[in-house]
Amino acid sequence: MAALDCGGIAQRAIDALLEAGADQAQVLVTEARNEELNAEWNEPSLLRSTLEGQLSLVALVDGKKGVLSSNETTPDGVARAAKEAVALASGSRPDPANAIAEVQAPASFESGPLEPALDGMHDRLVELLRHRDLHHPRTTMRSVVVDFTRRERVLLNSAGVDLRSNVGAYTFVATFSARRGADTSSFNYTVARSKDLERPVASLGSFERLLRESAAQLDPRKPPEKFVGDLVVTPDCLGSFLGAITGYLRDEALISGTSVFADRLGALVTHPSLTVRSAPRAEAMAAPCYFTGDGHLTEDTTVIEDGLLRHFLLTQYGANKTGHARAPTDGDAWVVDPGDTPLDALIGGVERGVLICRFSGGRPSPSGDFSGIAKNSFLIEGGKVGPALSETMVSGNLVQLFERVAGISRERVDFGDALLPWVRLPGVTIS
Amino acid sequence: MTVLDRHDLASSADYTELRHQRNTVAAVALVNGDVTSNLTRTQGGVSARVWHGGAWGFASAADDSDATVARTVRAATDNARWLGTRAGRSLGALPSRPASGAVNRFGTARPRWTRAQAVAFLRELDEHVASRYPQVTARTIALQALDMDKVLRTSDGADSDSLIPRSILVVALTVVRGGEPVRLVEVHGGFGQLEDTFDDPRALDGAIGEQVAHLERKAAGVHAQAGQHDLILDASLAGILAHEAIGHTTEADLVLGGSVAGDRVGQQVASELVSLTDFAHTALGQQCPVPVHVDDEGVEARDVPIIERGVLRGFMHSKETALRFDVPPTGNARAFQFSDEPLVRMRNTSFLPGTSTLADMIGSVERGYYLMRPSNGQADATSEFMFGVTLGYEIVDGKLGAAIKDTTISGVAFDMLRTVSMVSDEMQWECGGMCGKKQPIPVGMGGPAIKCRATLGGR
Chain S
0 MAALDCGGIA QRAIDALLEA GADQAQVLVT EARNEELNAE WNEPSLLRST LEGQLSLVAL
60 VDGKKGVLSS NETTPDGVAR AAKEAVALAS GSRPDPANAI AEVQAPASFE SGPLEPALDG
120 MHDRLVELLR HRDLHHPRTT MRSVVVDFTR RERVLLNSAG VDLRSNVGAY TFVATFSARR
180 GADTSSFNYT VARSKDLERP VASLGSFERL LRESAAQLDP RKPPEKFVGD LVVTPDCLGS
240 FLGAITGYLR DEALISGTSV FADRLGALVT HPSLTVRSAP RAEAMAAPCY FTGDGHLTED
300 TTVIEDGLLR HFLLTQYGAN KTGHARAPTD GDAWVVDPGD TPLDALIGGV ERGVLICRFS
360 GGRPSPSGDF SGIAKNSFLI EGGKVGPALS ETMVSGNLVQ LFERVAGISR ERVDFGDALL
420 PWVRLPGVTI S
Chain G
0 MTVLDRHDLA SSADYTELRH QRNTVAAVAL VNGDVTSNLT RTQGGVSARV WHGGAWGFAS
60 AADDSDATVA RTVRAATDNA RWLGTRAGRS LGALPSRPAS GAVNRFGTAR PRWTRAQAVA
120 FLRELDEHVA SRYPQVTART IALQALDMDK VLRTSDGADS DSLIPRSILV VALTVVRGGE
180 PVRLVEVHGG FGQLEDTFDD PRALDGAIGE QVAHLERKAA GVHAQAGQHD LILDASLAGI
240 LAHEAIGHTT EADLVLGGSV AGDRVGQQVA SELVSLTDFA HTALGQQCPV PVHVDDEGVE
300 ARDVPIIERG VLRGFMHSKE TALRFDVPPT GNARAFQFSD EPLVRMRNTS FLPGTSTLAD
360 MIGSVERGYY LMRPSNGQAD ATSEFMFGVT LGYEIVDGKL GAAIKDTTIS GVAFDMLRTV
420 SMVSDEMQWE CGGMCGKKQP IPVGMGGPAI KCRATLGGR
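One line per chain: the protein sequences are S and G, in this order.
Residue 59 in numbering that gives the first Met the number 0 is what sits at position 60 of the first sequence, and the numbering runs on without skipping anything.
Residue 258 in numbering that gives the first Met the number 0 is what sits at position 259 of the second sequence, and the numbering runs on without skipping anything.
One chain only, chain G, in its complex shape:
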């Protein structure tokens, strides 16, 4: 029994949810061999959210005593009443699809690493880079682990207990060419706690060697030519396209805010080669990087097919947006900290694989670019997207040419996706970044390699 079980959520409010959550972050960073960051951060507490009279009230507190929980529920109820009285909205009852008795904890069964073990892992990796690649002038190597541990009860009968961990290793290497620093960052890992994600630092030797080789070619590389080009987006980069270009545009709260996707359900918005789904926890028989079985409104999470063979099918929903669209909630309401309210968020958004091979796709391009690694990205209500590209190569007559310097890709998703002419048969998941939308949150992003036409920044 948790502290939440001792509180009766049946009240005079229309709907109440109560969440007990603890996020734990462990972060260690080495810069050129020195430990520049060595921290653990825990944020835990209880929050309540109440829906009454068409308005939400939310309150949170950092301890979990019975008195605090009761006070927090009362404060959230008071807030909902205070605003509901003034807002004068009447939207009806929230839809309900509660998950009951759900336990989804993905913690390691192995002994936990001490901090000294984490530092030793990074030092071995760093010393390998320093000794094997003296041409690398600056090294930042960092481990970042996040555990999101939640217990949830709702007045419509949901109860859920989950632990979703993520661990990533960031390797940022710099060389200097002609007095100019050139950097390439690679991110390893994803789902799982450190002990289940990383083992032997030497297992990364091959990946580090490839990173240095790419970096040296990038240092000798050229600026991309600014303008529209034929592009092959590597599978490791297709996920951010799924996330930024389509994902955000089809979050129901953004649709209500005016997203162009709102008018296009049932329409052909992409090539027939394009299918895209926001997976809840399992895709093509494999567990996703951010497995969400129950969302933070207690809704049993289901996959959301967004584009099927080029046709826009639907949106991602919370309970409130589902009420407004008169559809069932999809389990996309997620909160980052205990003190955050759930928002409509993606979970694991991915293009589905096709039938081409990457080699054939590159071979089909007369003049264009092969883009391999993304950095940050952003979406828009117009479906115009952009994301940074930190590694890519020219393609000339179907063969890879010179590496290119950092650039940015952009396009209008519902135009650009019509240009997709090949999709590879292999897909890849990425889970290294945070999606930002009032709150940050880890998301999975996946896809196969894609041939399309879009705009690159450059000279």
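Chain S extracted, bound-state conformation:
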């Protein structure tokens, strides 16, 4: 299937938006090519190929903003989309915070493979399924996806911004659970990304550890009683906790005034041992992101440094609205600095608690209160990892938990889109 001329389409869209009456215009054109090999129930099942262009048009009319997104990239489709975007803006309300990106030097980037190695993808998929047969026979691969995606992006605006990137990467996803007779373990899943197919899938991210633990979760126990103890949060689970905490640093929470961190910039918001970076260009990222969705070059950004809040995760609109600085990142690609405690010692220091591998819970409240099930998790007693747990609820306040970090592991897991350690958080209600 023919590739799109993303730059030509973007320029045509800018012209069409201005002609349709936009005062200012910004356009992002994306072409995504995707080859996806799927396995279900331990067998290859589906090969899926998609190629799709995507237009995202921003029109500003008298300070009013409209956004039109469409996958019609023909000249007629672009012209219709431009008129619709201007109509959307005209029907809105003016807001002085609405803006397009200010002019920057043109920049173009390329990363990773631009074509899929389909035979290699198939070999890695089959190899993983054989690995399961040999080493984890009780585990059923509910689904495995080996995906290649190349995404070409061109962002232009009427102020002269011209940013382009072409990024390809492989993504590996597995969902699985173990079975013995009538017993079933909780399902688990993991995701890893890579620029290449050089390593077996089982060696990436947490694949091997989680597959091994799956069978160990066939004989879970309920927690012996309600108690207050420590969580040792695995890298697999840390991402979901970070997602909740960093939600308080984003546009909606800060614009609406509901963020618990609203007036904490520069203040200590977590334990001083914690440093959290959003690193969209880091070497560890299989699919680097070179510019934000609202048209600014990205930079690796330290969000929390030694516990101090250094940066909100505001878009340009959010920055204009709140008076704080815009973040040079979309707020992902998380890297948490390692600690100096070996993982064994981190767990060894816990008198009573839970090694939490997956959190399945309600969204934390604006104040940070949370509760949910510790899935695929294990009891820790006397510094040792004990039996797998079932029906185990953990409750507490996320903001307060991160103020009490009691240790960070030296070891980290490289997921290809995040680099995260194990973190010990005391003071959680476990029931």
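Keep in mind the hints are simulated off the structure, nothing from the lab.
Only true hints are included.
Facing chain S, a subset of chain G residues (Cβ under 10 Å, in silico): (1) A28; (2) S36; (3) A60; (4) D62; (5) A75; (6) R85; (7) R122; (8) A137; (9) A171; (10) G226; (11) G261; (12) S338; (13) E383; (14) I408; (15) L455.
Restricting the straight-line Cα-Cα distance to at most 30 Å, the calculated cross-link-like pairs of lysine-lysine (DSS-like) are: (16) K436/G x K194/S; (17) K225/S x K398/G; (18) K436/G x K149/G; (19) K149/G x K82/S; (20) K221/S x K383/S; (21) K383/S x K225/S; (22) K221/S x K436/G; (23) K437/G x K194/S; (24) K437/G x K149/G.
Cβ coordinates follow ideal geometry from the N, Cα and C atoms, glycine included.
For chain S, the structure is supplied; the task is to place chain G on it using the hints.
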């Protein structure tokens, strides 16, 4: 005649389906009166899926010219052959129950709203909240509409043309108490396009007033006590229990993946008061929130009785899982975007009503909780479920007490459903969220109020 009709699907492949689909999303959001989001998103194109040699091939493209359609069918066929040759599977022929000539379009007959009308609707609502309830410190009010417009042809003779719309209004209000923000979100609407779902913003005055009253009580509320409790689940919350606790566990692809439901067909898995069905399009004489007459494999959709009087009866199927179970397909194969393959998905999953009244149910609890509004949820192969609860009250000696802060309910469905001791005579549908399973998809979730015993998070 659509572009699909010009293509002969009888090929050397075992089975071919061809879908032309366009999803249109309209979304407007106001935060404290400012328009923070104002967008329309359309995703349209053609996809083909081919079954050959026991493997699937899929391809899609964003335009619908004859050449593109032909190329897409060819690419899907090539993919099926490529994988089929390597996979070496032989599963036999897919079962067939094609729906022919099905037209099910639920678009509005009214003039469509302009964006200015949608913004004006939200502004009137927002200004009412701001002026009437000054204690509310933050307001997010958003309209979200999704139209899923599909034309489908399959090589076993199905043809279907459908438009299934959904429109929801999200009202998220926050108050600050003791320096701590407390939020309550309500979702209104469901089936239908905006013009058929919302009319006068003032019609929501009563609901907004109730929301603010609940929110103020929640701000002054207490943490639930962590542990097992007697619970009354309101009808507005029973649907997510049906969806998470039982629905996912009885999707046939999850059963093949090891779900505990696999061994329990014909067994008593719940109290005799519990009956649960995944309805295709009509339940108890009323149209469901997500009416699916024909699924995305062209199968005429039928209701799936999952639990009858506590006994597990069956599973939801696609053509492939039906082949593997040697049963007829049920019409549960659904795809979200044109570029997505159909997966086994729920449609409208609901407990059936009983004979108790909500007042009697609350009155029967000595110490426990009345839970009223859910947030997100998740299921498991073990039938252990959880979902967030954003509104609830203590029950003390049969009477409602203090409101509780956000919490989470969990349990093992096949244990918890045995504890169901009362089911109310009124049921309610919810259709505000998206079910996530590789792809998102709108689903209906319904049920009456239920008395049961389960675990709550808290202090």
